[in-house]
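Chains as they are written, first to last, in UniProt numbering: chain W, 1 to 217; chain L, 1 to 217; chain E, 1 to 217; chain R, 1 to 217; chain V, 1 to 217; chain X, 1 to 217.
Rather than coming from a laboratory, the hints here were simulated on the basis of the structure.
Do not take every clue at face value.
Straight-line distance between alpha carbons at most 27 Å, and here's what the computed DSS-like set of lysine-lysine pairs gives [unchecked claim]: (1) K50/X to K36/X; (2) K36/W to K50/W; (3) K50/R to K36/R; (4) K214/V to K50/L; (5) K214/W to K214/L; (6) K36/L to K141/R; (7) K36/E to K36/V; (8) K214/W to K50/R.
A partial selection of chain X residues facing chain R, derived with a Cβ cut-off under 7 Å [to be verified]: (9) I27; (10) T38; (11) V39; (12) F217.
Note that CB positions come from ideal geometry on N, CA and C, so glycine has one too.
Single-letter residue listing:
There are 6 protein chains.
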Amino acid sequence: MASRVILLSGLVALIVNAALALDNNPILDFCVADTKNTVLVNGYVCKDPKTVQAEDFYASGFHIPTNTSNQLGFNALPATAAQIPGLNTFGISAARIDYAPGGIIPPHSHPRATEILIVLEGSQLEVGFVTSNPENRHITKVIGKGDVFVFPVGLIHYQRNNGSQPASGIVAFSSQNPGVHTVANVVFGSNPEIATDILAKAFQVDNNVINQIKSHF
Amino acid sequence: MASRVILLSGLVALIVNAALALDNNPILDFCVADTKNTVLVNGYVCKDPKTVQAEDFYASGFHIPTNTSNQLGFNALPATAAQIPGLNTFGISAARIDYAPGGIIPPHSHPRATEILIVLEGSQLEVGFVTSNPENRHITKVIGKGDVFVFPVGLIHYQRNNGSQPASGIVAFSSQNPGVHTVANVVFGSNPEIATDILAKAFQVDNNVINQIKSHF
Amino acid sequence: MASRVILLSGLVALIVNAALALDNNPILDFCVADTKNTVLVNGYVCKDPKTVQAEDFYASGFHIPTNTSNQLGFNALPATAAQIPGLNTFGISAARIDYAPGGIIPPHSHPRATEILIVLEGSQLEVGFVTSNPENRHITKVIGKGDVFVFPVGLIHYQRNNGSQPASGIVAFSSQNPGVHTVANVVFGSNPEIATDILAKAFQVDNNVINQIKSHF
Amino acid sequence: MASRVILLSGLVALIVNAALALDNNPILDFCVADTKNTVLVNGYVCKDPKTVQAEDFYASGFHIPTNTSNQLGFNALPATAAQIPGLNTFGISAARIDYAPGGIIPPHSHPRATEILIVLEGSQLEVGFVTSNPENRHITKVIGKGDVFVFPVGLIHYQRNNGSQPASGIVAFSSQNPGVHTVANVVFGSNPEIATDILAKAFQVDNNVINQIKSHF
Amino acid sequence: MASRVILLSGLVALIVNAALALDNNPILDFCVADTKNTVLVNGYVCKDPKTVQAEDFYASGFHIPTNTSNQLGFNALPATAAQIPGLNTFGISAARIDYAPGGIIPPHSHPRATEILIVLEGSQLEVGFVTSNPENRHITKVIGKGDVFVFPVGLIHYQRNNGSQPASGIVAFSSQNPGVHTVANVVFGSNPEIATDILAKAFQVDNNVINQIKSHF
Amino acid sequence: MASRVILLSGLVALIVNAALALDNNPILDFCVADTKNTVLVNGYVCKDPKTVQAEDFYASGFHIPTNTSNQLGFNALPATAAQIPGLNTFGISAARIDYAPGGIIPPHSHPRATEILIVLEGSQLEVGFVTSNPENRHITKVIGKGDVFVFPVGLIHYQRNNGSQPASGIVAFSSQNPGVHTVANVVFGSNPEIATDILAKAFQVDNNVINQIKSHF
């Protein structure tokens, strides 16, 4: 679906580029990622420190709204170790997030990071996360410009811009490669598909409802 | 729904009892959980070591099939730090899992643990997990008695017993309190609910489909 | 000195309130800090989870420039586990930073965190950090609105707003309590003082130069 | 001694194959071990993720009793990162254990893992571990089918099947490479030997007793 | 046995006093151990930081040889978090070791720490450790004054003073509470005893040999 | 300056040689550093374990005073993973320190380690460290032969030998590569320089004072 292609322009970078990272204690002043090296580790191997430059710790463009003209109405510009090789081994990353009016970031989790959101613009941003079984308590709040909210590691959460104007924010993650696991894409859009009758039983609906949902992913 | 109450008998113990735990390096020979203490930490505070007994490192009943007469057709008997206080600080736990013929463990994640499954009985157990965005690659296999499979931390996974006989297995987790985040319950059954139109947009279906799903959770 | 009192209005909160924190793996969905508890641990003990509210994961005011009318020309609004109790155990925190024209954040280190800076406003922000002995290499760059820069854990770094307009930014830290170790304050303004002749020898100047510097801290 | 060769058939695989592993936080969805790579790290380097298959997360044969016809009367089938490359970076592993009637697993420790044992078959399995100096408290219990017991990291422990029938169990470890340090083999069977008079003094017996013990290892 | 009582004077302090500690990342400038607090955690809870003094980071007496007039001919003066409360949360400790001529530190392991030994006095100090199964390789060397040697975490190791003069050294551990697991005491001197016939089978000797050894512990 | 060249003879080894290390949990019996390998990681890659020798865990010369005939009057002989490849992955290192009468180790921090000092010789060794903002509390004590003192990770600290005789000590660090960040060298001697007027404002002195200090570094 075209809108999905557009939507994922930011997320693709977030994930594809951040394919190999490491979030343990750093032991060096820095271990700037050698993203081209064929030796793959739990994180990146390091560049020769003599070749390290200030640019290795740098990214730009966080002031430019990303394109939210897609079906969900959000987009993201990541700054993980894939974009900023100097983040390698440091256990932190960031991203700019934009929300169209009515835009949502659908329910998703980060398998390896807590997220902290600082709202730059916007007045009616509905945010929430849900706790583990069996309570599945929904912690939710409507926040706005200058507000900060925390989403615990591994828990499914979402945001929706209920305001009439675009909203934006900065998020930081407690990992150089948090990962993104969007529930709808993972469950209904995986490659290959998860069997329809498994999902029908899981969501307690008919197969045709599952197939209807799958057709969008 | 009655079946759900039955279904969760094991999971309630898994989560409610395991409400407070700690998965970092142990520094003591043991720090047996004092599960009644009103001081709550990232894990349990320790009992006086002089009062520690062999029973603190012990649980029983893993040979008894759990009751799978519920809508999903699975159940679990956990052995986390909540059931075995001697597990506190040791970063590991286990559970027995039972599957009725056709039973499923619906798509879920463990926010804080990798899982390893050892199949005790069963011949057609379909297992799978899905990778992060944007690939959302589905890694799946049909396994049986004596087989072992791994589900990486934080990733959504599921199992279904395609066999005509009950299946069972032992799972171990890389945390004393892995947590369980069942997608359907989290997204469609949270308390309070996530707004229907957010979910409709996320899953790209009409509100009435969402409400239909919600009615089961 | 009056200016110092003003200057530290933000930093006092950053440090005094963040007096007790914990940056290891979380094992619970959350362990919201009970900041009033008399039991002190490497981090905060947890509130009763039943009393946890959305407000525990929330802070506000990040859109309001802090007062930079002080001698150094900068100020900060922190969001650590001391301000947002829900950050406890999650290994991340944030702050808003403001720079007057010509304002500096003097050389300092964070003993327990890497910092990532996202510039919100400003056009000539000079940033830099220095590597360990014996190279003491100075990695520096002039950045502006929308730029991002990384300061590795434990290394001394600084910023100066060379622009003619105020600048501001969001920073995130890889700890819920990064700590701030401002070199001038630590070395020349500690309580009690470090002996003048030790500092004279360390900086290879006369005692009276040291005493002159000390008089400002 | 022939019996020793037979006995170690399982343990050899457990240790030799698991020669290089890593038990810190994973940062990738997975880092499947490239066990043939000549670059050796604290764990395995990763395979190209594009070549990863479901088989990388899979092992089999846990339903087949291992051969316990050896002097000690036990054997093991391991599932560490050496056997299941998908376990790399995930801090967990497992094994099947079999005990002949009267069979023992002699006192040993795992230098890098806590162990949790789930008994599949057997009725009189004596288990125990001993705490550190100076108490050297012996925590012991007789357990059976369906029982679970925990052995803390680094502490010497043992098991004996006092029943008249074979016993078996599943164990899980809090490391992808726990290591096995069998006291008798380490102390009396190392290569080269530890000097006899050191051991005579350590165990407070004559040299000829030490030499007698050594002759069996 | 009288000699054992004398021998353990140092080790008792090392272990009994160090009963509760924590070796993860510190998040505070310090968390000085409140060793009297009844709340027990994986490490010590912290004193009120306002009451912290320089003495909390201090110990003395490392220049005084300890009494080695015991059967094994060694003794130790520990400096763990139990003796220096300021070590709490910092993952390091130390000890002074003395060896009589011919004195040995019998085979033992530290369940939670690597050890580094710096020899202060002595000329023929035989040191060694043994690797895990199945190689059980013995890495050994004779070292003397000014030499340094490393003993990896969890592996059984020993030292013997082959010189004609007393020897001494400083050791440091990668934990605030490394633990000591002396093989002979653990296996033959635990309380209650490990069954004689288990040990007879483990060491492949007659019961009376085991009983003879046990009689010394 | 000639004296500086002499002074740094030990520190250069400490840092230059220790350029690449790793301080997380070890998973192998050992991962002896292959310091010549061109593959650089957060720590060293491992040598082939078959080529490992006792010498890999060994260093010498700690009994020989280092040359303190330099302007500051101290010197150091390090034993990090760069000098002892067997320390790789074990999170610990050590050094010998010598102080001339009146010698100082100027204010510095270790970005990645807590330090424990054991005084071998000396009678009036003034030691101190300073806590984070805003208290900047100076914890200080005069210690002597046989005394032990702790310097918390990341905090600026110093030592001065006020005695009339040389002093010496052993230090151990909670990292295989602690790093050294000497304040004067970092701030006034970096390459390239930090702008003079930034430092003038930071230390609240005239530019010429800063230039005077810089001229010595």
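Does the interface hint hold: is T38/X within less than 7 Å of chain R, judged Cβ to Cβ? Cβ of T38/X sits 10 Å from chain R, so the hint is violated.
Compare the distance between the alpha carbons of K36/L and K141/R with 27 Å, and conclude whether the hinted pair is satisfied. 24 Å, holds
Within a Cα-Cα threshold of 27 Å, do K214/W and K214/L meet the stated pairing? Satisfied, since the Cα-Cα distance of roughly 18 Å is no more than 27 Å.
Has the given pair, K36/W with K50/W, been kept, meaning a C-alpha gap of at most 27 Å? Given that 27 Å is the threshold and the Cα spacing comes to 17 Å, the pair holds.
Straight-line Cα separation of K50/R and K36/R no greater than 27 Å? 17 Å, holds
Under the criterion of a CB-CB separation shorter than 7 Å, is V39/X in contact with chain R as hinted? 5 Å, holds
Assess, step by step, whether the Cα of K214/W is no farther than 27 Å from the Cα of K50/R, and give holds or violated. Satisfied, since the Cα-Cα distance of roughly 25 Å is no more than 27 Å.
How about F217/X: closest beta carbon in chain R under 7 Å, or not? 37 Å, violated
Sort out whether K36/V lies within 27 Å of K36/E, counting only the CA atoms. The given pair, whose Cα atoms are some 21 Å apart, holds under the 27 Å limit.
With the threshold set at 27 Å, check whether the alpha-carbon distance from K214/V to K50/L stays at or below it. Given that 27 Å is the threshold and the Cα spacing comes to 24 Å, the pair holds.
Hint I27/X vs chain R: min CB-CB distance below 7 Å? Holds, about 4 Å.
So if I understand the rule, the pair passes when the alpha-carbon distance is 27 Å or less; does K50/X with K36/X pass? It holds: about 17 Å lies between the C-alpha atoms, which stays within 27 Å.
The structure is inconsistent with the numbered hints 10 and 12, although it conforms to all the rest.
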